[in-house]
Amino acid sequence: MMKSIFSRALKQAVGNNRLEQSLKLGAAVLFPPAVLAYLVGVTLYEGLKVGVMGMEQSGKTTLLNSELKEDQEFGERVSFLIREIFSVSLKEYQEFGERVSYPQEVICEALKENNAILFVFDVSLYLTDLAYAKKVRAYWDLLEREHETCGLERKSFSFFGSHVDLLKQPEEAFGQVLASLKGKPYEKLVRENLVCLNLRDKEGVKKRLQS
Amino acid sequence: MSSRVYSLSYCYTMEKHSLTSVLYVTSEEQAENYQWYKDSARIDRNVSVIALDDLEQLRSQVALPRNLSAGMVLIEHPYKENQYLDINQAEEEVFARKMDAITEIARYLGVKRFEAKAEYETTQERLLGVNGEVDYKGVNLEAKYKQEKSEKYKKKYTRIQEWPGGFSREGVEKAKQLLKDYCLEQERVVQHLIAQREGDLNQMTSFTETLSLSQEFNERTDVAFTLSAMKGVLGLKAGIETIFTYKVEVNLFLKLEF
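The listed protein sequences correspond, in order, to chains S and V. Residue numbers for the first sequence, in our numbering: 1 to 211. Residue numbers for the second sequence, in our numbering: 1 to 258.
Just so you know, these hints were derived from the structure itself, not from any lab. Positions of the beta carbon are idealized from the N, C-alpha and C atoms, including for glycine. A couple of the hints might just be wrong.
Unchecked claim - The calculated lysine-lysine pairs, modelled on DSS-like cross-linking and capped at a C-alpha distance of 27 Å, are:
hint: 1; chain 1: V; residue 1: K247; chain 2: S; residue 2: K182
hint: 2; chain 1: V; residue 1: K38; chain 2: S; residue 2: K134
hint: 3; chain 1: V; residue 1: K144; chain 2: V; residue 2: K231
hint: 4; chain 1: V; residue 1: K247; chain 2: V; residue 2: K237
hint: 5; chain 1: V; residue 1: K231; chain 2: S; residue 2: K134
What the hints assert, rightly or not - Label-pair distances were calculated between CB atoms; the ranges are:
hint: 6; chain 1: V; residue 1: K155; chain 2: S; residue 2: L178; range: 35 to 43 Å
hint: 7; chain 1: V; residue 1: E125; chain 2: S; residue 2: P185; range: 26 to 34 Å
hint: 8; chain 1: V; residue 1: D135; chain 2: S; residue 2: A131; range: 17 to 25 Å
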């Protein structure tokens, strides 16, 4: 099901030759509509609300601050399509002396308010730092548990593994993440919606989107 | 009538391991994310929610039940250092060990005839307050169930033993050491008995008292009960919930002859 949604989103963007144009704009433009649609896992549409959450330093801000607006055509289109992006720094609650809101509350709110959830994590850290991986899996477990409790309807999820380029064998990242999910309650949710992509490798991205 | 157990009476003088008095065994993920729920603040700080794999790695430091699995609640043995008990079997073990300890102490004090009988007192339902405080509400058991409970405890924990007796200073010292070893220094009745025996130099001919058999077990189940603040998230098993929802008070009637 998710694949057909991807395909629709990609056909829409790639078919219009927009991906080609946006990739030519250079490193500043990392998230043209097709890439964003691919990451989010749904066709972009007017009023779509995407909740972006994830680990510290994983690329959430880069994603949110991507300079799409420099490209008038895409800037207008994207700001029109994605009316709200909800960003959560999941660790914040621990950094302040007093816990104002708990991650479960923040996630629950995000699930209620958004049509799609994009969880960003640093896949290079996930595969090398045990404590980091444990924390990421704890969030996935929470998302699996909460999406039925808090979400009014089933949401589109996407789990985006960033920083693939920092790995020695980036092509193996996807399989290694999947292997770490065996038997977990959230295995299906993550497996079906996992994307490991090096956004700086424009040729690679282009190939992925067109495949 | 309400109380919150903030610290349990420990007698261990050795450096303790870092585990708390109550452990909830769960998955790696839940051991991390349970604290991301607001209700986690209602769980007593003497409870650790710990991943099964992490606990298995502590086997060299603490004695644990042979088969561990997610969903188990373990309580620290009140009378044996570095030992944890499955809450399902804990009551029997804790009551029996307390009786054994008192019997042994009595023998060293020169008791000739030892008679101990458990007496069921009350059952109370535990209630968890908004801030994690534990309250109790009396439960009116039907006469039939009350009788059954009474019979059960009497049958299990009744003991009569006889020895040649005889007072000795070494015996009293040994009894004092046992009081420490069994972590019973908080037990007022036994402390009093030893003090009396030590002071009167074999003048006492009999000693009759009642002490709580269930106090230490109930202290730990009070703590474990606060896990019910997150029973839905943690998926507490119904059987375990029943164990810590009801506080059963059992006394031990002691009659000693010297």
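So, going through the hints one by one against the coordinates:
1. K247/V - K182/S: violated (41 Å)
2. K38/V - K134/S: Judged against 27 Å, a Cα distance of about 21 Å means the pair holds.
3. K144/V - K231/V: The hint is violated at about 31 Å.
4. K247/V - K237/V: Status holds; Cα separation ~18 Å.
5. K231/V - K134/S: holds (23 Å)
6. K155/V - L178/S: 35 to 43 Å: Violated: the Cβ-Cβ distance is about 57 Å, outside 35 to 43 Å.
7. E125/V - P185/S: 26 to 34 Å: holds (33 Å)
8. D135/V - A131/S: 17 to 25 Å: violated (39 Å)
When held up to the earlier numbered hints, the structure conflicts with 1, 3, 6 and 8 and fits the remainder.
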